[in-house]
Amino acid sequence: MKTIAEINEKIRQGKAVVVNAEEAIDLVKEKGVKHAAQHVDVVTTGTFGPMCSSGIYFNIGHSKPRIKLGGGRVYLNDVLAYPGLAAADVFFGANALPDDDPRNRVHPGDFNYGGGHVIEELVAGKDIRFTASAYGTDCYPRKRLETWLNIKDLNEAVLFNIRNAYQNYNVAVNLSDKTIYTYMGVLKPRLGNANYCSAGQLSPLLNDPHYRTIGIGTRIFLGGSVGYVAWQGTQHNPNVLRTEAGVPKRSAGTLAVIGDLKQMNPRWLVGTSMYGYGVTLTVGVGVPIPILNEEILRSTAVTDEEIYAGVVDYSDAYPNLKPDIVGEVSYAELKSGRVKLQGKNIPTSSLSSYSRAVEIAETLKDWIKRGEFLLTEAVAPLPGVESGVAFKPLPERPLEI
Amino acid sequence: MAVSKRVVLHFPRRLVEQPVIYHLVKDYNLEFNILRASITAEPEEEGLLVLQLKGEQEEYDKGVKFLLKSGVKIQSLSQDVTRNEAHCTHCGACVTICPPGAFVLDSKTRKVRFEDEKCVACGLCIKACPPRAMEVHF
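Note that the protein sequences, when read in sequence, are chains F and Z.
Numbering-wise, the first sequence is residues 1 to 401 according to the working numbering.
Numbering-wise, the second sequence is residues 402 to 539 according to the working numbering.
Please keep in mind that the hints were generated in silico from the structure rather than gathered at the bench.
All residues carry an ideal CB built from backbone N, CA and C; glycine is no exception.
Fair warning: there could be bad hints in the mix.
Computed cross-link-like contacts, EDC-like style, restricted to lysine to aspartate or glutamate with a CA-CA straight-line distance of at most 16 angstroms [as the list claims (entries may be wrong)]:
hint, chain 1, residue 1, chain 2, residue 2
1, F, 152, F, 260
2, F, 29, F, 359
3, F, 68, F, 146
4, F, 188, F, 294
5, F, 335, Z, 507
6, F, 152, F, 127
7, F, 262, F, 153
8, Z, 509, F, 23
9, Z, 512, F, 359
10, Z, 509, F, 359
11, F, 15, F, 372
12, Z, 455, Z, 518
Among the chain F residues that face chain Z by a calculated CB cut under 10 angstroms, a handful are [stated by the list, open to error]:
hint, residue
13, 39
14, 53
15, 57
16, 61
17, 65
18, 188
19, 189
20, 192
21, 231
22, 340
23, 342
24, 353
25, 357
Just chain Z, same shape as in the assembly:
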């Protein structure tokens, strides 16, 4: 069965120069799309990749095991940007800010739905939200 997941990968310093993603393709047949990449100056972690990974469930699981064994930390993307429901006033300012369109204004209720599966954790909504209801955790 094919799966498609968005993940956030944290690479320790020693792995930054290693072709880790190459192995995901070659050994586990996974299709990848880079949503975001950065090499930080943090002393604890050096590399950040936000990827969309697609492939057969079995191969995906094996690929994840390989990453974990190599020392890469993995998080599912949808956990990273969250909305504080108590602070959101459903104004709608976020709707046109979000590149993948993860904020949808319901035409009946006029409330904003946050469809977090679409979120690529770009972070643009964090500061654009007037009541500062959006929070990012990396």
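Okay, chain F solo, but in the shape it has when bound:
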């Protein structure tokens, strides 16, 4: 029906018809799928939630005399980084902690400061304390480096999140008698609350359930600027239970995303503390979906009533890798504030900000309408249901002495 090249030409001319995934729902109700698909060129999606497998890599440039960070020790604001690369290149993750953080020694730990917060401060343009020690070589003789660093001083500063934008996720509950502290928040005993983490009908991969348009090389909104899908995210698991419309009912696909940290904004990369669990980064991701045919448009009109999630007990089933679920609920029920499980009426809490997700979808819409953002054709697809890619548990083989 349409090609991305045609849509991009309309974008260049300022004539593209762009709506967000919520508006797509109403449009289909009004005009039906056929006419809506002819009328709409792009549907934008968005999500803003804690995404733990996030981090950055950067290059600090050479000091005088030179120091070899690779194989040494590096800290950013006393939070541990990973310098296992070349002399001036460093990886740094959202869940990293200071060496002296007490963690859960007195449970539940506060986890007030860590990688996610450092990343937010770096993006916000704050000076960061960079401290490093190295073993010294003839070509890189220096053994210590302590300096303030600003994102402007870095050569490259790249956000590289190896798993973001989960396609659906568990709903977390607690069947035990004690409050538990998890990455899905504080869970109250005896089904005291049910926590979910997804933008539902606005969520990128839930609007393209079979990865027809979203693939490697797709240009996206990331952290307030332009980014790209680099690869499938870790734990990408296309072969899960799906509805007849193909919408996953369990956590399925994921994206590895990449972008220039220097262009990003701390409004969309927020350092986050999960009480009793750890530090992470809340990331803003938005993906545009080119409406190439009716099927694609139909998928973007998915509603919260049609998206289901599995309810998992985080007191026993989750930690012990048991596959049981407590039930299945729709995002419409979750967003109503109450769900029915085991005969009880349970209050729900989200960890993902829907209002921020709307803001992302609207921002992306605005960029496209103004001709500032062209869509890309994926250079390779994400593994689909037939690919055989699956998220396996660890096949543990104990070491023998």
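Knowing the structure of chain F, use the given hints to seat chain Z on it.
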């Protein structure tokens, strides 16, 4: 005219053993509900009471004067737990944590309202808030 207020009372060491609240009832006809009580080991202040006080405006004012004269420090509760609007991302994690339900998710805007008149300063939201937007000042 009847009033109902939530207050935070700080008692100096010397008053901890005195029946101060008893006088609020007996002399000023105020109904009280204890929301939180603790005796701290702080050298400067020894007793903390978070109360809901109800009664006639005139009697309430007299009761407050009595407390102040006795050396009790009074603060209105709604000033004690605040939300840093710049940090709140409206995720909604707080909604099910708050015992009196002071956080309400607006079904239209999907933003979280902090209805601080309902707050009893229990402090559960402080650490449960992922972007740590909630702050408590005692």
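Hints, verified against the model:
no.	hint	verdict
1	F:152 - F:260	12 angstroms, holds
2	F:29 - F:359	23 angstroms, violated
3	F:68 - F:146	14 angstroms, holds
4	F:188 - F:294	44 angstroms, violated
5	F:335 - Z:507	10 angstroms, holds
6	F:152 - F:127	10 angstroms, holds
7	F:262 - F:153	10 angstroms, holds
8	Z:509 - F:23	14 angstroms, holds
9	Z:512 - F:359	12 angstroms, holds
10	Z:509 - F:359	14 angstroms, holds
11	F:15 - F:372	13 angstroms, holds
12	Z:455 - Z:518	14 angstroms, holds
13	39	26 angstroms, violated
14	53	16 angstroms, violated
15	57	25 angstroms, violated
16	61	32 angstroms, violated
17	65	41 angstroms, violated
18	188	7 angstroms, holds
19	189	13 angstroms, violated
20	192	8 angstroms, holds
21	231	27 angstroms, violated
22	340	15 angstroms, violated
23	342	17 angstroms, violated
24	353	4 angstroms, holds
25	357	9 angstroms, holds
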